[in-house]
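Asks: Just so you know, the sequences run in chain order A and B. Take the first sequence: its letters are residues 1 to 53, numbered as in the working numbering. Take the second sequence: its letters are residues 1001 to 1144, numbered as in the working numbering.
If you're looking for bench data, these hints aren't it; they were derived computationally from the structure. This one's a predicted model, so the numbers in the text were calculated from it and none came from an experiment. It cannot be assumed that every hint is accurate.
Just some of the chain B residues that point at chain A, by a computed CB distance under 7 Å [what the hints assert, rightly or not]:
id	residue
1	1010
2	1048
3	1079
Simulated crosslink set (DSS-like; lysine-lysine; CA at most 25 Å straight-line) [stated by the list, open to error]:
id	chain 1	residue 1	chain 2	residue 2
4	A	53	B	1028
5	B	1123	A	39
6	B	1066	A	52
7	B	1142	A	39
8	B	1111	B	1142
Computed Cβ-Cβ distance ranges for the label pairs, DEER-style [to be verified]:
id	chain 1	residue 1	chain 2	residue 2	range
9	A	20	B	1131	30 to 36 Å
10	A	20	B	1135	37 to 43 Å
11	A	17	B	1125	38 to 44 Å
12	B	1023	A	52	18 to 24 Å
13	A	32	B	1038	17 to 23 Å
Using N, Cα and C, we set each Cβ at its ideal position, and we do this for glycine too.
The primary structure of each chain is shown beneath.
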Amino acid sequence: MSATKKAPVKEKDYNIIVNDQVRSYANEPFFVKKEENAKEFLRKHPLPEHLKK
Amino acid sequence: MNLDHYTLFTTDFQDYEFYSEGPQGRIKKVVRYRRISNDPITFNLAFGDENEGVISDTIVSDNQDKDMVLFTVANTINAFCDHYGNHFIYAEGSTAARTRLYQMGIGRLWKAISMDFDVWGYKDRAWHDFEINVNYEAFLVKRK
Chain A
1 MSATKKAPVK EKDYNIIVND QVRSYANEPF FVKKEENAKE FLRKHPLPEH
51 LKK
Chain B
1001 MNLDHYTLFT TDFQDYEFYS EGPQGRIKKV VRYRRISNDP ITFNLAFGDE
1051 NEGVISDTIV SDNQDKDMVL FTVANTINAF CDHYGNHFIY AEGSTAARTR
1101 LYQMGIGRLW KAISMDFDVW GYKDRAWHDF EINVNYEAFL VKRK
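Take these sequences, add in the hints, and give me the full structure.
Replies: Written out as structure tokens, the structure is:
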């Protein structure tokens, strides 16, 4: 099956161009560490109940 | 919010790229959202500069466009919420100094930001409504 290239889409409100050129940063060490730190912070300092509603 | 901002690029509305332009040249910025809690649903907002494939938020780029960068990041929140819902978004800097820069940026642009977002800051072992000129350890944002 041949690869098809998506045409860029411009989101009108926020000046966003949607294309397939942005790589995934899922395994980027900087982000992985930030996400782990954030989880740990929220585990120690959860939101108060009134904010959850 | 309709202030000056950079063009954003995204594929999946979770990872965003844009380019800061100023006296220090063209600097690639990356914003990433990832779910970190289910109760309540909360996403982490992480933001940094990409230089030769390495992301960092400890570099002071000094490109004299910090408000434009902040509004561009705010636009990613709007775009993200459009696609994934108005959930809590958590953000903190890698260092206390970096977190303070975020706090000062939010404070500087508070009039515009507060129109669209509720913001809380963590301080003295509790979450508080955001106030200008108060130093926080971390932030939570939710689109109104």
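Asks: The structure should be examined with respect to each hint, and the outcome stated for every one.
Replies: Now for the hints, and whether the structure bears them out:
1. 1010: 6 Å, holds
2. 1048: 6 Å, holds
3. 1079: 5 Å, holds
4. 53(A) to 1028(B): 38 Å, violated
5. 1123(B) to 39(A): 17 Å, holds
6. 1066(B) to 52(A): Status violated; Cα separation ~32 Å.
7. 1142(B) to 39(A): 17 Å, holds
8. 1111(B) to 1142(B): 16 Å, holds
9. 20(A) to 1131(B): 30 to 36 Å: Given a distance of about 42 Å, which is not inside 30 to 36 Å, the answer is violated.
10. 20(A) to 1135(B): 37 to 43 Å: 41 Å, holds
11. 17(A) to 1125(B): 38 to 44 Å: 43 Å, holds
12. 1023(B) to 52(A): 18 to 24 Å: 45 Å, violated
13. 32(A) to 1038(B): 17 to 23 Å: 19 Å, holds
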